[in-house]
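Protein chains: 2
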Amino acid sequence: PMAAQAAADDAHPVLMNAGKLSALGANAQAYPLFGEELARVRKSVDAAMKAGISVPVPKDAGGGASHEQHKRNYTALYGAGQLYRITGERRYADFARDMLLAYAKLYPTLGPHPAASNQAAGRLFWQSLNDSVWLVYAVQGYDAVRDALTPQERQTIDDNVFRKTAQFLSTGSPKVFDRIHNHATWANAGVGMTGYVLRDPDLVEKALKGLDKSGKSGFLRQLDLLFSPDGYYAEGPYYQRYALQPFVIFAAAIEANEPQRRIFAYRDGIVPKAIRTTIQLTYDGYFFPLNDAMPDKSLRTEELYQAVAIGYGVTHDPALLSIAQWQKRTVLTPQGLEVARDVAAGKARPFPFASMLLRDGPDGDKGGLAILRAGPGDKDQVLVAKNTAQGMGHGHFDKLNWLLYDNGQAIVTDYGAARFLNIEAKDGGRYLPENESWAKQTVAHNTLVVNETSHFGGDAKLAETLAPRQLHFSGEGPTRASIAEMDGAYPGVTFRRALVQLDIKGLKSPLMVDLLKVKGGKPARYDLPLHFAGHIIDTGFPLQSNVTTRPLLGKADGYQHLWVDATGKPGADNGVLTWIQDGRFYSYRIATPGVTMILGESGASDPRFNLRREPFVIQRLDGATDAAFVSLLEPHGRYDASAETTTGSESAVRGFTHARQGDLDVVTLTLRDGRRVMLVLADDTDPARSHSLQVGGKAQSWKGPVGRFDGEKAK
Amino acid sequence: PMAAQAAADDAHPVLMNAGKLSALGANAQAYPLFGEELARVRKSVDAAMKAGISVPVPKDAGGGASHEQHKRNYTALYGAGQLYRITGERRYADFARDMLLAYAKLYPTLGPHPAASNQAAGRLFWQSLNDSVWLVYAVQGYDAVRDALTPQERQTIDDNVFRKTAQFLSTGSPKVFDRIHNHATWANAGVGMTGYVLRDPDLVEKALKGLDKSGKSGFLRQLDLLFSPDGYYAEGPYYQRYALQPFVIFAAAIEANEPQRRIFAYRDGIVPKAIRTTIQLTYDGYFFPLNDAMPDKSLRTEELYQAVAIGYGVTHDPALLSIAQWQKRTVLTPQGLEVARDVAAGKARPFPFASMLLRDGPDGDKGGLAILRAGPGDKDQVLVAKNTAQGMGHGHFDKLNWLLYDNGQAIVTDYGAARFLNIEAKDGGRYLPENESWAKQTVAHNTLVVNETSHFGGDAKLAETLAPRQLHFSGEGPTRASIAEMDGAYPGVTFRRALVQLDIKGLKSPLMVDLLKVKGGKPARYDLPLHFAGHIIDTGFPLQSNVTTRPLLGKADGYQHLWVDATGKPGADNGVLTWIQDGRFYSYRIATPGVTMILGESGASDPRFNLRREPFVIQRLDGATDAAFVSLLEPHGRYDASAETTTGSESAVRGFTHARQGDLDVVTLTLRDGRRVMLVLADDTDPARSHSLQVGGKAQSWKGPVGRFDGEKAK
Ligand SMILES: [Zn+2]
Ligand SMILES: [Zn+2]
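So the protein sequences, as listed, match chains A and B.
Numbered by this note's numbering, the letters in the first sequence go through residues 1 to 715 in order.
Numbered by this note's numbering, the letters in the second sequence go through residues 1 to 715 in order.
Don't take each hint at face value.
The list cannot tell twin chains apart, which means a pair is met if one copy fits it or any two copies do.
Unchecked claim - Below 27 Å or equal to it, Euclidean Cα-Cα: the simulated DSSO-like pairs (lysine-lysine) are: (1) K505 x K379; (2) K209 x K164; (3) K20 x K569; (4) K461 x K175; (5) K461 x K59; (6) K505 x K43; (7) K213 x K164; (8) K508 x K328; (9) K379 x K328.
Quick caveat, the hints were computed from the structure, so don't treat them as lab data.
All of these numbers come straight from a predicted model, not from anything done at the bench.
Okay, chain A solo, but in the shape it has when bound (with noise of 0.2 Å):
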């Protein structure tokens, strides 16, 4: 069919349904977010045409010149072919194919990029990525004008342009082009895009199936392997968020060029599905900054406007659209358009952000993200758990991390990556070196570290072939509860850990339980760090200060981060921390015995200022095999800062101890009016396993590795 339609007509626009578009400039108004839109894109366009058309010669490196040049370039051809659409003013055409020209003169005269690395090197661009980047738009933007132009122009810019840059992407880059890689699925969306635009097949044809056509690579199968069934992408929620932008368009692009293909609905709808998941990942609007990631990442960006849009065409889910409310933003597409509508005409509805299991891995069996959610709203309280798989070069040494929001704010907290985006002069914005010795190291993490070393020696090809095991998950209910099992991250060490959300009956907030059990095989140092956001206020022992000057608490593997502000060794009773963050207290109770409290502050070793400064925590057992980690995160009270009052600054929990019970560990938590809460976690995971234990004088009986038992106030 593509070939029939090629010959009546080689110029109109494939990529979008432009007629839905066609002459709305007057109308917009009518709907406030594309309205908007629609003055942000001209205001940039018009800017952009009023600086003169400036297509430099490559020469820098990321944030440079000319760099930022050739990125400027691409969003203004894109927006130039939308406001042609969308207003019919013929200038943003002209400005459009004028610059394709002056590309069409320069792009032949090019070879690498003179300021390429150790990257694969673009043409107009140090990487070969900002190179595919450049097409995915350029070649929306010229889709939209070419019918514009003389059939002359047409061939120009078809030649010098697109089919030299969609040929250098493909044939000229295999390795890039047919790897299972992010990178590569821009480079397939580019081309494939290209391919339709050009009204070749032969390019539409190698983006889906890979250069061989055979489907070992390609698009198609990068949606295969790239996505868990649960719409998990390997390498965590910021990359997620990136790698989302290619599948959506090129997606977007396929129906509306082969609806035949029913690309939304391949391998049980992983688009629309990786759309959603995308969004679960957030707290406030902010991304999990799980591995390498910056934790000032929103769905305020372009990825998730278009993702948003997208989504909303497939779907029409009126939850996308709250989504959309809070971004304040569309995109000039058809798509955009319905969104725009939708949401003026009220239909928008909650998005219903969900305690859930997402399994890692191309098959789901490699670890997964287990959410737990106190309620629907995305600032209700959320624990994460990450018990995925590694997640390729950008993957962090944390098996069965955690992370913790509350009351609208991070508590505990992932460093993310060490970078400066885009800042030139912190090393031209790209990773830092201390992303490498501190960000992705095990110590700057949430998990247990043996020996002072990091998981797997720090080496991550061997990290990739081991996932954590996901032994149990609840996320409905009172008792909220993710089990998960990692073994290999140490030779000979296996470790286990369940954390569990507890909702308990007059108090605002869930508290939660954390038991890390190790099992090493010989004696060891067994290090758990907690890094946190807050103020301290008190902490239940007596501490032992260093006042004057600070240690570093070791030398490598993240280490020698660590300033040392305090040691301590807690009693029965009093093991116990204290801070404030955001007027809501944190109480983080320990129950582990024999342990020693390290208090400090990350941020050493760091001649060039590049690392934040934050405080943490270290639960230290020294000489164990086999040992026990027991915690209680509470948040508790409130000191509101206008009206100068304080409430419940002091915990509710007057006791938290752990005990062995048979093939059972009991975790007791005594309220300060009385009340016991016990929680039992089975060693066997089965969920058809019954257990049953005498409590306060009577047996009781559950079945499945979570038992939980509240009692009454004491008499």
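Chain A is already provided as a structure; the job is to place chain B with the ligands on it using the hints.
Just chain B with the ligands now, kept in the frame of chain A:
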């Protein structure tokens, strides 16, 4: 006239025009601000009624249970009174009555509070200040319900609660009552209002003119002495906010009962002036944290809800309505009703934030606070030069200190007070020892330190005797400047500081030039710290870093609280430090010859984690007798996290030099585009004095101490 009135009717409300409020309950929703406040107070008072009346025997210090209960009681009494007047619901009057009858039983049995410390002991509270506050609120609540009580009940409460409290706080506490101090204002207000309610002119007279009625103390004298002619309160913005409440509330009561006193016109309208000045002491609604101050204090506080309503009642200035809109609150008084009505009617106008010099001292001759604003918006850039007098016991040793706000953020900062207000575990919420050892010390501020000691040797009494002289102030036009001089902060040392806010064509934000010149008489170590908010991006000069062990900078006067991260000696062209805060870059550039730069972090020597940890840079000159510190602070560029774009991360300034020509200091900025901006500061600050200088081969002349000459681009 009071006696006659009292004979005719001795029970109707006198502290407010109750008729205006009567039975408004049903219609309150027409004015959302009022309706929301009504709902809020109703919820709070209903909860107090449900909890039942509790009037415990005084026992605890601040933050303890009995303390908090008596605080809750006065709030509930006040609220119940308002609700009775507005809704006419009898149960609110009954609740207030029953609680006051309980106080009538308790109060006569009380002696000095058992938890009294070195402050003047109260009866209900550990310090009598709290008793005064209790009285101010409670007597307003009582006034509102008094006509609903039987004569017998009135008699009991009059005699056993209010007359006794008023006696205790007046004749029973002469040292507090007759002081010229904010604690006395509260006592005066409480006693005076009690006088009106009990129809006892003697109490009113004592409140207004002191116990001996001579006028040497009392409320009017406080109005004379505690505010400067510009409405600036001696202790600084944080306490100005707090102090304002008894002034405005008692003034409103005086106006309601004795309009012939024309209290709002007293001293050229000092009360409404003080209200407006208080609002001017904010950025983005937050008070400048000078002296002992909590940095989280904003216009959203009870004091300012009252002040805005009372100020509006007097002036009907529509700018106050926009403050009420920002506050999203008002009060349940006739004035609050007016505010809510006029806000609902759309009468609000933007509050005109403006550059201004607020003279300090009762006669306006004790220095002043110089506020330079780049525009009238509450987020436009603000430079604050603290050239005020010491400000009593809560004053910091920071003569000629400065602050900068830009882009919605505090950039050049003041630590404020070392205190966790109302947080029991932090010394009961009181000022911490680190308030003396760190927060008050000179090195914790952005001003000159000589020989590592604080101004006046940290002696507050000595500090009280000397104030800076404001030599020049110009708040309008593109070159806004403050010049002030301090003599005697150190024996034999005079220092003068010019702070200039320069608008420069083509640059989005003004630049700050800081010229601090010291004459010492003998060689000394001069330090000029800058405490800033942000993450260091880059330095232009090489650093010697203390990577594995950070030394303390000194041993006393706050130096023991500073870790040294690195030091460096800039050359003539590379003395620049750049940081980023909230996506904006700040380059601090110096032209101080021979200086050593010390980069570090505060928060050392702090075993109890009482301090925040914040970055600083110090310019250090050793062995000079006279010296000039020449600095430039330039906000530039923007990092946009959601678009991942960076613009203007490079400084727009290429050169920055200082030269002395005759009696002129010539500071020259060379921009990257080649333009030159020359700022000339004359020793003679006489506004009428003419100066001249050769600029680019041409003689330029001007009047006054500040000259500026912008050159063209170099050809
Ligand atoms: Zn990480
Ligand atoms: Zn201060």
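Status of the hints after comparison with the structure:
With identical chains, the CA atoms of K505 and K379 are at most 27 Å apart within one copy only, with a shortest distance of 20 Å there and 44 Å across copies. Within a single copy, K209 and K164 get their C-alpha atoms as close as 20 Å, which meets the 27 Å cut-off; across copies the closest is 92 Å, which misses it. With identical chains, the CA atoms of K20 and K569 are never at most 27 Å apart, being 69 Å at best within one copy and 64 Å at best between copies. When the C-alpha separation of K461 and K175 is checked against a cutoff of 27 Å, the pair qualifies only within one copy, where the shortest distance is 19 Å, while the shortest distance between copies is 77 Å.
Taking identical chains as interchangeable, the C-alpha atoms of K461 and K59 are never at most 27 Å apart, the minima being 34 Å within one chain and 65 Å between chains. Only between protomers do K505 and K43 lie at most 27 Å apart by alpha-carbon distance; the minimum there is 22 Å, versus 54 Å within a single protomer. Taking CA atoms no more than 27 Å apart as the test, K213 paired with K164 passes inside one copy only; the shortest distance there is 20 Å, against 96 Å between copies. For the identical chains of this complex, K508 and K328 are inter-copy neighbours only, at 26 Å across copies versus 31 Å inside a copy, given an alpha-carbon limit of 27 Å.
For the homomeric pair K379 and K328, the shortest alpha-carbon distances inside one copy (18 Å) and between copies (22 Å) are both at most 27 Å.
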